[in-house]
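Chemist: Residue numbers (our numbering), protein chains in the order written: chain A, 343 to 698; chain B, 343 to 698; chain C, 343 to 698.
Hints are computed from structural coordinates only; laboratory data are not their basis. Among the clues, some could well be false.
Repeated chains share a single entry, so a pair holds when one copy, or any two copies, can fit it.
[What the hints assert, rightly or not] Keeping only pairs whose Cα atoms sit at most 16 angstroms apart, straight-line, the calculated EDC-like set for lysine to aspartate or glutamate is: (1) Lys569 x Glu610; (2) Lys677 x Glu614; (3) Lys455 x Glu614; (4) Lys422 x Glu610; (5) Lys645 x Asp438; (6) Lys670 x Glu424; (7) Lys431 x Asp618; (8) Lys431 x Asp616; (9) Lys431 x Glu614; (10) Lys431 x Glu485; (11) Lys371 x Asp438; (12) Lys381 x Asp458; (13) Lys640 x Glu356; (14) Lys373 x Glu389; (15) Lys431 x Asp692; (16) Lys582 x Glu610; (17) Lys455 x Asp616; (18) Lys653 x Glu575; (19) Lys422 x Glu570; (20) Lys640 x Glu355.
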Amino acid sequence: MRHLLDVTDFSVEELYELIRTAEDIAQNKEKYCQSCKGKKLATLFFEPSTRTRLSFEAAMLELGGSVLGFSEASSSSATKGESIRDTVKVVSNYVDIIAMRHPIEGAAFAAVKAADVPVINAGDGGHCHPTQTLADLLTIHRECGSLTGLTIGLCGDLKYGRTVHSLINAMSRYAGNKFVLISPSELALPSYMKDFMKAERLEYVETTDMDRYMSQLDVLYMTRVQKERFDDEKEYMRVKDCYILDNKKLAGAKKSLRILHPLPRVNEIACEVDSDPRAAYFRQTLNGKLMRMALILKLLREKDMPYNARKSEVHKDLNCPNPKCVTKTERELEKEFIFSDGEYRCAYCDCYVKNR
Amino acid sequence: MRHLLDVTDFSVEELYELIRTAEDIAQNKEKYCQSCKGKKLATLFFEPSTRTRLSFEAAMLELGGSVLGFSEASSSSATKGESIRDTVKVVSNYVDIIAMRHPIEGAAFAAVKAADVPVINAGDGGHCHPTQTLADLLTIHRECGSLTGLTIGLCGDLKYGRTVHSLINAMSRYAGNKFVLISPSELALPSYMKDFMKAERLEYVETTDMDRYMSQLDVLYMTRVQKERFDDEKEYMRVKDCYILDNKKLAGAKKSLRILHPLPRVNEIACEVDSDPRAAYFRQTLNGKLMRMALILKLLREKDMPYNARKSEVHKDLNCPNPKCVTKTERELEKEFIFSDGEYRCAYCDCYVKNR
Amino acid sequence: MRHLLDVTDFSVEELYELIRTAEDIAQNKEKYCQSCKGKKLATLFFEPSTRTRLSFEAAMLELGGSVLGFSEASSSSATKGESIRDTVKVVSNYVDIIAMRHPIEGAAFAAVKAADVPVINAGDGGHCHPTQTLADLLTIHRECGSLTGLTIGLCGDLKYGRTVHSLINAMSRYAGNKFVLISPSELALPSYMKDFMKAERLEYVETTDMDRYMSQLDVLYMTRVQKERFDDEKEYMRVKDCYILDNKKLAGAKKSLRILHPLPRVNEIACEVDSDPRAAYFRQTLNGKLMRMALILKLLREKDMPYNARKSEVHKDLNCPNPKCVTKTERELEKEFIFSDGEYRCAYCDCYVKNR
Chain A
343 MRHLLDVTDF SVEELYELIR TAEDIAQNKE KYCQSCKGKK LATLFFEPST RTRLSFEAAM
403 LELGGSVLGF SEASSSSATK GESIRDTVKV VSNYVDIIAM RHPIEGAAFA AVKAADVPVI
463 NAGDGGHCHP TQTLADLLTI HRECGSLTGL TIGLCGDLKY GRTVHSLINA MSRYAGNKFV
523 LISPSELALP SYMKDFMKAE RLEYVETTDM DRYMSQLDVL YMTRVQKERF DDEKEYMRVK
583 DCYILDNKKL AGAKKSLRIL HPLPRVNEIA CEVDSDPRAA YFRQTLNGKL MRMALILKLL
643 REKDMPYNAR KSEVHKDLNC PNPKCVTKTE RELEKEFIFS DGEYRCAYCD CYVKNR
Chain B
343 MRHLLDVTDF SVEELYELIR TAEDIAQNKE KYCQSCKGKK LATLFFEPST RTRLSFEAAM
403 LELGGSVLGF SEASSSSATK GESIRDTVKV VSNYVDIIAM RHPIEGAAFA AVKAADVPVI
463 NAGDGGHCHP TQTLADLLTI HRECGSLTGL TIGLCGDLKY GRTVHSLINA MSRYAGNKFV
523 LISPSELALP SYMKDFMKAE RLEYVETTDM DRYMSQLDVL YMTRVQKERF DDEKEYMRVK
583 DCYILDNKKL AGAKKSLRIL HPLPRVNEIA CEVDSDPRAA YFRQTLNGKL MRMALILKLL
643 REKDMPYNAR KSEVHKDLNC PNPKCVTKTE RELEKEFIFS DGEYRCAYCD CYVKNR
Chain C
343 MRHLLDVTDF SVEELYELIR TAEDIAQNKE KYCQSCKGKK LATLFFEPST RTRLSFEAAM
403 LELGGSVLGF SEASSSSATK GESIRDTVKV VSNYVDIIAM RHPIEGAAFA AVKAADVPVI
463 NAGDGGHCHP TQTLADLLTI HRECGSLTGL TIGLCGDLKY GRTVHSLINA MSRYAGNKFV
523 LISPSELALP SYMKDFMKAE RLEYVETTDM DRYMSQLDVL YMTRVQKERF DDEKEYMRVK
583 DCYILDNKKL AGAKKSLRIL HPLPRVNEIA CEVDSDPRAA YFRQTLNGKL MRMALILKLL
643 REKDMPYNAR KSEVHKDLNC PNPKCVTKTE RELEKEFIFS DGEYRCAYCD CYVKNR
């Protein structure tokens, strides 16, 4: 059965296929309004994420299907100590497809192992949030006309920003893209991401200066600089205003620049920017809905195909070193690992096993 | 785009039109059961209000549409610091019409400024709750056969009772209505409301005695006397039982009297009254659903008409004096004011600006 | 109007009729997918119970109907002090049928007294949870081919387990069933249940040894042994592992044994058992949905028939001795009692009145 745990589950060709479907939906809404008639989506949100949940629900409703679920763990059996797998196993008897959000890393793969219906990872802790990346890809494609040959600025919290890492991964699969990494030094891109970029021979520069490369950017992906990320509050106070996008900072940017943001924003983009045609972040949420529609259609259509994305095997003698991994909390979960490039990584949270 | 922030947004003729539609729906349910097919309503409830939310959801479902949303702020992005406008802007990409409940006064107008779809104010703090008043109007019209020439008793908390003020405002637009204001002195109608009634030349009497005018009433609008409203608990204990409606108090009332209550009630109407044909408060909730159906139909039909109800202008040098106003909490909100009768009032919360 | 408060509301023939309908739905899904078109179910869950709620919602959606409601009390008017009856009376104006879950014993009968639409008891405190028992009955019927002549093991917490008592009651109505009561002595079946079994001339044995009768069982109904039920933690530690079902314990069981569990489970059934064909507990949740579909159909079809299940009368001089009874918390509720076999019991919570 096909599922979506991470964007890399899909080939480049499959991603283009999703984009084509989404663009067709945008043009021909009526054509799809009965596509999921009689089908049900469960939104199992073990932590609140209104935007993502409502986007999935709108997507399913626009396909003519219906929705049930919960919006936070306190409304779920998890509070009675039920495992993720039991919840998913039971809900498989109620619906045709599941979108699951969970605070624990690797929870999505645990769900996949129990599910009798396709599972979409709607975010599993700091691990993956692939439908956000699908929204980003469609937005870049619709706004810039292409996914190749772009100069992409990534600004704000590049250290913890899950969506930033995922977008770099995704855009690395298209030719000719360059990356400008803009952040305070405390929140710079982690070295393992830079190692990945070097291995993939991606062109990138790092800077703490938001203005420096502004004129070269085709895409500016904004994220929030959160106070809690700083050890030293003074340091936070010093840098916080440097990464706020306003009309002044945009003065030297290209007319064709497109500004993206995974939302919610707090103050990292001034409201005055909203009326600028380069502001694409609200259209991005529309694109998120369209890609979720395309995704639901694809997974329901291909549900009898095998899930090959994670070629894992059980290794009882290995342990995932990630303390936040689902293998630490979910009862009686088989320890599975993926072997690639001479290393083992946890099949749930993708954490590498060191010191074998 | 048309919205509903307050009942006064609609002309008297438009209110009659809503009433006619609601009465037609009551008679011809089948005729409307596909009217909103393919349409979606978002119920954005930043504070719980089950009755109102379920009424909106039932209304949309009976029109053949579907519903998504949230029932309290903890399930929304508001907890991540997102502005009302961003939430509404995003949700505009998911649905065709929004019903929003928010604890902050003036929140509805902030929402209107961002929305790309019609917004219905389902209550914004102590400011407005127009769909309750629509339910009240339909109930009076159906039960009394008219909106004119009625003697209307208002009983309980007339000081803080938002629905009471709104009903007085609404009924002042119909000829020949008289008002009997029944409350403990601590909870008497505020002077600005009495000033309004004098300016409109409305006939009214004030009394602390619930029995005194009972025999003259056509409508008795009951509200709850809440302990928290009293500075002095002894005073509360002294008066609390005086404003409880029971069969004994109803003995001298007209046969044609109709008893309304915005609900939920606690003990201000004894349960023995429920079986009296004069008790209209449960039918009132049915009427609330019917008026919400009529309202959704009207706003979707007229969504390309401009929203002219609040002729406001930006005044950077003016400040709304209301500490509970949305302008105090919502980021980067333009300060707008309405000028009428020589005075400025806040375009969000309707608070008058004094001491210019 | 017909309702479902307890399984005993239905005759044996009616239960077979529900089973036949459920089995027909399982075979002919399409035949029923428009049966409730235009109908609405309210899920009024005053306490969270995700599994039960989602099962009801899936059931209604698969019948072509729609759903509204709330999933916990904090989202309801109950927090404003509204009575159960007022909530139900109002919601009757919004929907065609109500499924209510409430933490207070007897709440379902209080709801029935106010409702203008059929009410399904989706659990009222420790009192009844009939739709779980309906799921159990269908599971036994589908898995064992019959409801008669079975040896039924009940294992775990037989003292507080509401579902266990309800299942014994239900299975006592079919001929030739024997019961094996397996529990630590602290959690043995209460004496009033044993008195009932004796009065009904049911064959049963009691044991603390899970292995002893394993080879004779046709059905093994597992429940959880909860730490909180023990006065003495040491005693809990001593027995807790004795009532965990694993492959080893199953070694001597019949091939035709079927394992049931009301779920959620914590660790009382090892995950290794899940892949055993005798494990019926996940299929049981599917059966729960099917029986809820059959039940909704029956109650909507028979809604004009009288509710005769509880022949109660008002007795102002009697008091229900149960401190958890809804008569202790719900305002102005008439005290009603059922007289049978020379004794009075509370019409709400079924507690017997002693020491008249």
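Chemist: Could you place Lys422 and Glu570 in one of the four classes (within, between, both, neither) given a Cα distance threshold of 16 angstroms?
Modeler: Result: close only across copies, 13 angstroms inter versus 31 angstroms intra.
Chemist: I want to check one pair: Lys670 and Glu424. Are their C-alpha atoms no more than 16 angstroms apart within a copy, between two copies, both, or neither?
Modeler: within (15 angstroms within a copy, 33 angstroms between copies)
Chemist: Within a copy, between copies, both or neither: which one fits Lys455 and Glu614 at a CA-CA cutoff of 16 angstroms?
Modeler: between (47 angstroms within a copy, 14 angstroms between copies)
Chemist: Is it within, between, both, or neither for Lys569 and Glu610, if the alpha carbons may be no more than 16 angstroms apart?
Modeler: Within one copy only: 12 angstroms inside a chain, 44 angstroms across chains, cut-off 16 angstroms.
Chemist: Given a CA cutoff of 16 angstroms, do Lys373 and Glu389 count as a within-copy pair, a between-copy pair, both, or neither?
Modeler: neither (34 angstroms within a copy, 37 angstroms between copies)
Chemist: Can you give me the call for Lys431 and Asp618, within, between, both or neither, at a CA distance of at most 16 angstroms?
Modeler: Classified as between: cross-chain Cα gap 15 angstroms, same-chain 47 angstroms, threshold 16 angstroms.
Chemist: If the cut is 16 angstroms between Cα atoms, do Lys431 and Glu485 qualify within a copy, between copies, both or neither?
Modeler: neither (40 angstroms within a copy, 19 angstroms between copies)
Chemist: Pop the pair Lys640 and Glu356 into one bin, within, between, both or neither, using alpha-carbon distances up to 16 angstroms.
Modeler: This pair counts as within: shortest intra-copy Cα distance 10 angstroms, inter-copy 43 angstroms.
Chemist: Can you give me the call for Lys645 and Asp438, within, between, both or neither, at a CA distance of at most 16 angstroms?
Modeler: Within one copy only: 10 angstroms inside, 31 angstroms across.
Chemist: Checking an output row: Lys582 and Glu610, CA cutoff 16 angstroms. Within, between, both or neither?
Modeler: within (9 angstroms within a copy, 52 angstroms between copies)
Chemist: Regarding Lys431 and Asp692, is the shortest C-alpha distance of 16 angstroms or less found within a copy, between copies, in both, or in neither?
Modeler: Answer is neither; intra-copy 23 angstroms and inter-copy 36 angstroms both fail.
Chemist: Is the C-alpha distance from Lys381 to Asp458 at most 16 angstroms within one copy, between copies, in both cases, or in neither?
Modeler: Only inside one copy: Lys381 and Asp458 sit 15 angstroms apart there, 29 angstroms across copies, limit 16 angstroms.
Checked against the numbered hints given earlier, the structure breaks hints 10, 14, 15, 18 and satisfies all the rest.
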